[in-house]
Amino acid sequence: MFGPHQKIILHLLDIPKMADALKGVVMELQDSSYPLLDSVVATTDVQTAFLHINVAILVGAFPRGPGMQRKDLLKVNVSIFKEQGEALNKYASRDVKVLVVGNPANTNALTALTKASDLPTANFSALTRLDQNRAQSMISEKVGVSVENVNNVIIWGNHSLTQVPDVNHGYISNYPQRDLVSPIKSAVEDEKWLNEQFIPLVQNRGAAVIAARKLSSAASAANAIVGHMRDWLLGTRDGEVVSMAVYSDGSYNIPKGLIFSFPVTCRQGQWSIVQDLKISPFIQAKLELTTKELEEEKQVALSFLN
Amino acid sequence: MNMNRYLVRNFSSASNLFVNAKGKQPVRIAVTGASGQIGYQLLFRIASGSMLGPDQPVILQCLELPQAMNALKGVSMELDDCAFPLLKGIVQTDDPNRAFAGADYALLVGARPRSKGMERGDLLKANAEIFSVQGKALDKNANKDTLRVLVVGNPANTNALIAARNAPSIDPKRFSAMTRLDHNRGLAQLAEKTGSSVTDIEKFCIWGNHSATQYPDINFGSINGKSLTSIINDDEWVKKNFIPTVQQRGAAIIAARGLSSAASAASAAIDHMRDWTYGTNGQWTSMAIYSEGEYGADKGLYFSYPVIVSPNGKYEIVKGLQLDQFSKERFEKTRAELVEEMTAIKELLP
Chain A
868 MFGPHQKIIL HLLDIPKMAD ALKGVVMELQ DSSYPLLDSV VATTDVQTAF
918 LHINVAILVG AFPRGPGMQR KDLLKVNVSI FKEQGEALNK YASRDVKVLV
968 VGNPANTNAL TALTKASDLP TANFSALTRL DQNRAQSMIS EKVGVSVENV
1018 NNVIIWGNHS LTQVPDVNHG YISNYPQRDL VSPIKSAVED EKWLNEQFIP
1068 LVQNRGAAVI AARKLSSAAS AANAIVGHMR DWLLGTRDGE VVSMAVYSDG
1118 SYNIPKGLIF SFPVTCRQGQ WSIVQDLKIS PFIQAKLELT TKELEEEKQV
1168 ALSFLN
Chain B
2 MNMNRYLVRN FSSASNLFVN AKGKQPVRIA VTGASGQIGY QLLFRIASGS
52 MLGPDQPVIL QCLELPQAMN ALKGVSMELD DCAFPLLKGI VQTDDPNRAF
102 AGADYALLVG ARPRSKGMER GDLLKANAEI FSVQGKALDK NANKDTLRVL
152 VVGNPANTNA LIAARNAPSI DPKRFSAMTR LDHNRGLAQL AEKTGSSVTD
202 IEKFCIWGNH SATQYPDINF GSINGKSLTS IINDDEWVKK NFIPTVQQRG
252 AAIIAARGLS SAASAASAAI DHMRDWTYGT NGQWTSMAIY SEGEYGADKG
302 LYFSYPVIVS PNGKYEIVKG LQLDQFSKER FEKTRAELVE EMTAIKELLP
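Going line by line, the protein sequences match chains A and B.
For what it's worth, the numbering used here labels the leading residue of the first sequence as 868, then goes sequentially.
For what it's worth, the numbering used here labels the leading residue of the second sequence as 2, then goes sequentially.
Isolated chain A, as found in the complex (with noise of 0.2 Å):
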C-alpha cells in the first residue's frame, strides 16, 4: 500500500464473536515473516484499535439480512459508525486519513464524519475505486487493449446501483496505434452500448460476482482499498484522475455535506476535485438520481442520530 519501505503497525478490530478467527489472522501475519510489518496489535476494544492511527479502513459493517429493510440497514449502521467517529475524534492521530468501505459506505463515512468534529472533513472518504476499476477493465475489454492504457474513467455519486460510470472524460493510451491517443467515446465508437449496456453491467457488477462465487467480492475490493489508500498518501501521477468519495463542497452543483464520489487528483495526502468537466444532460440526470439518494440516506442517518 504504501511502498517498499515504509515500515507499518496494524492495529486490526473485530467484534467479540471474531476474536478466535482474528487470532488466527495474526498468527498467519507472523508466519509471512514481513519485513515491513512492525507489530500487530489485535483487539475487540476500540479505543485500543484506534489510539493514535494515522490511517483507518472500515470495512466491517452490518450486512443485510433476509427481510431487513433499507430503514433496518442505515439504522444498524448508524450506530456502528457513531461509535467509531467518536472514536476515530477521541484516539486517532489529528491527520488520520479513513476509508470507509462497509455499506452503505457513503452514509456511514458521512455518520463518522458527523461524530468526529474535531477531525477535517477532508480526511473521511468512501470507496469507489471498486467501481473505477471495474469500469476501467470493461471499457479495455470492450476496445480489446491491455487495462492500463484506459484513463481517466470517472465514477460519480453513491457506491450503490445509482452510481454513474462516465467515460466522457477519459482516453485510451497508444491507441490506434502506439503514441497516439483516443477518447473512450470514439474508441468504443458505440454511444448505445455504452449508455445502456456498460453503465449497468458496472452498476450490478457486485450482484454478478457474488452469482459466480457465491460470495462477494473480497480480493478485488480489497485491492481496491490498497489503490485508493495509496494514491490518497502517496499522489497521483500526473494526469491521473481517480475516483473518491468525499465530502462534497458544492462543486458540480453537489449540495454541501454529502459523502460523493468525485473525480480527483491527489498530491502531498490531499485530495482535489478535478474542476470544469463538462457534463452532458444524459449524466447530469443521472447525477440527480444519485444526489437524491444520498440526500435520502443522509436524513435517514441524521434521524438515528439524534
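Hints in this document: simulated from the structure, not taken from any laboratory.
In this text the structure is predicted, and so the values were computed from the model without any measurement.
Among the hints, erroneous ones may be present.
Stated by the list, open to error - The calculated label-pair distances, taken between Cβ atoms and stated as ranges, are:
no., chain 1, residue 1, chain 2, residue 2, range
1, B, Gln249, A, Arg1097, 36 to 44 Å
2, A, Asp912, B, Gln249, 27 to 35 Å
3, A, Leu904, B, Asn225, 19 to 27 Å
4, B, Ile255, A, Leu1028, 33 to 41 Å
5, B, Lys141, A, Glu950, 45 to 53 Å
6, B, Asn225, A, Arg1134, 39 to 47 Å
7, A, Thr910, B, Asn225, 29 to 37 Å
8, B, Glu330, A, Leu1082, 42 to 50 Å
All C-beta atoms, glycine included, are put in the ideal place defined by N, C-alpha and C.
Got chain A; can you put chain B on it based on the hints?
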C-alpha cells in the same frame, strides 16, 4: 465426457510477440486448485507483481476441477475487476494440457485432502494419480528451458517426486516442494523469542519433509554475527517448545481459524518462486529439492535443505555443515518418513 472448456482472454492476438513498454515478455504461470483458498490469496498477489516484480507481465493459466469452473469464473471476474497492468491474460481450464501449455512457472496447489477415515496410504495413492497426470502434462506442454515447479499440495515432497518422475524429459531439479512456509514460521518464532526482526536472522533452515517430522534447525543461525543458540541460551525451549511449535503450526492455525493456512501459504509460495528466480542475495532459505544424496538423504527424494539461490536463479545446497547427534536423529526421522511415503506409491511410478 467433459469438454475441454477453456476461456482465454489475451490482450494481444499473439501474446508471444507482445513486448510491453519496459521490454519484458509476459511469462506463463500455471496455478492448480486456482479457485481454492490458497489460490484466492495467491492469484491476486501474482497479478499485482509481488512474485516476479513490477516490470514482469504475467499470464495466469488456472486449472480447476470441472465442478469448480464456475467458482474459477468468479475469481477471474474479480481479477479483471482489479485492473492489474501486469496481468496480460487469464486461462481458465479443467484440462492440465491447456493449463501447462508453455508454462514458465507451475504452482501445484490443488491436491486431494484427507477425508474422514482415509488411511495415509489411500491419501498418498489418491494424490499419486493427480500428480502423475500433471507430471505427464508438464512433460508434454511446459516450457522446459525455463520451467520452475513448486508443489504446495500435500503430501508436497512426495507429490513433487511423483510429478517429476512422470516428466522424464524435464530436469528433476526444475521441481521443488514448499517448506518456505515452515521456514517463515520458524523465523517468526525466533524473531519473537529474541526480540529481533525476521530480517535480522541468518542461516536458519528446515530439513526434510513438509510434515510433522520436519526439522527446524537453529544450530547454524545467527543475529548480527552472534549465534542464535547463545542468544536464546535455552536448549529446553528449542527442543520442547520451538521445534514442536513450528512442526505443528499448521494445526494451530486450523484450531484458531477453523480453516487451514491460506494467506501465509500463498505468501510463502510467492517468496519461494521470487527467490528461486532472482536469488537470495547470499542468504539461506529452505526449499525441498531433488536430492543427489546430500547429507545422507536418499538420491531421488525431494528433501528440504538449506539453499542459497544465485542472482541468475540457480539454487545450491549449503555444503559442509556438521550435524550434531540430535540433528542427525531428527534428520533420520524425516528421511525415513519420506522413504516410507515413496515406498507406498512405488508401484504407481513409471
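Hint-by-hint comparison with the structure:
no., hint, verdict
1, B:Gln249 / A:Arg1097: 36 to 44 Å, "holds (37 Å)"
2, A:Asp912 / B:Gln249: 27 to 35 Å, "holds (30 Å)"
3, A:Leu904 / B:Asn225: 19 to 27 Å, "holds (21 Å)"
4, B:Ile255 / A:Leu1028: 33 to 41 Å, "holds (39 Å)"
5, B:Lys141 / A:Glu950: 45 to 53 Å, "violated (60 Å)"
6, B:Asn225 / A:Arg1134: 39 to 47 Å, "holds (40 Å)"
7, A:Thr910 / B:Asn225: 29 to 37 Å, "holds (33 Å)"
8, B:Glu330 / A:Leu1082: 42 to 50 Å, "holds (46 Å)"
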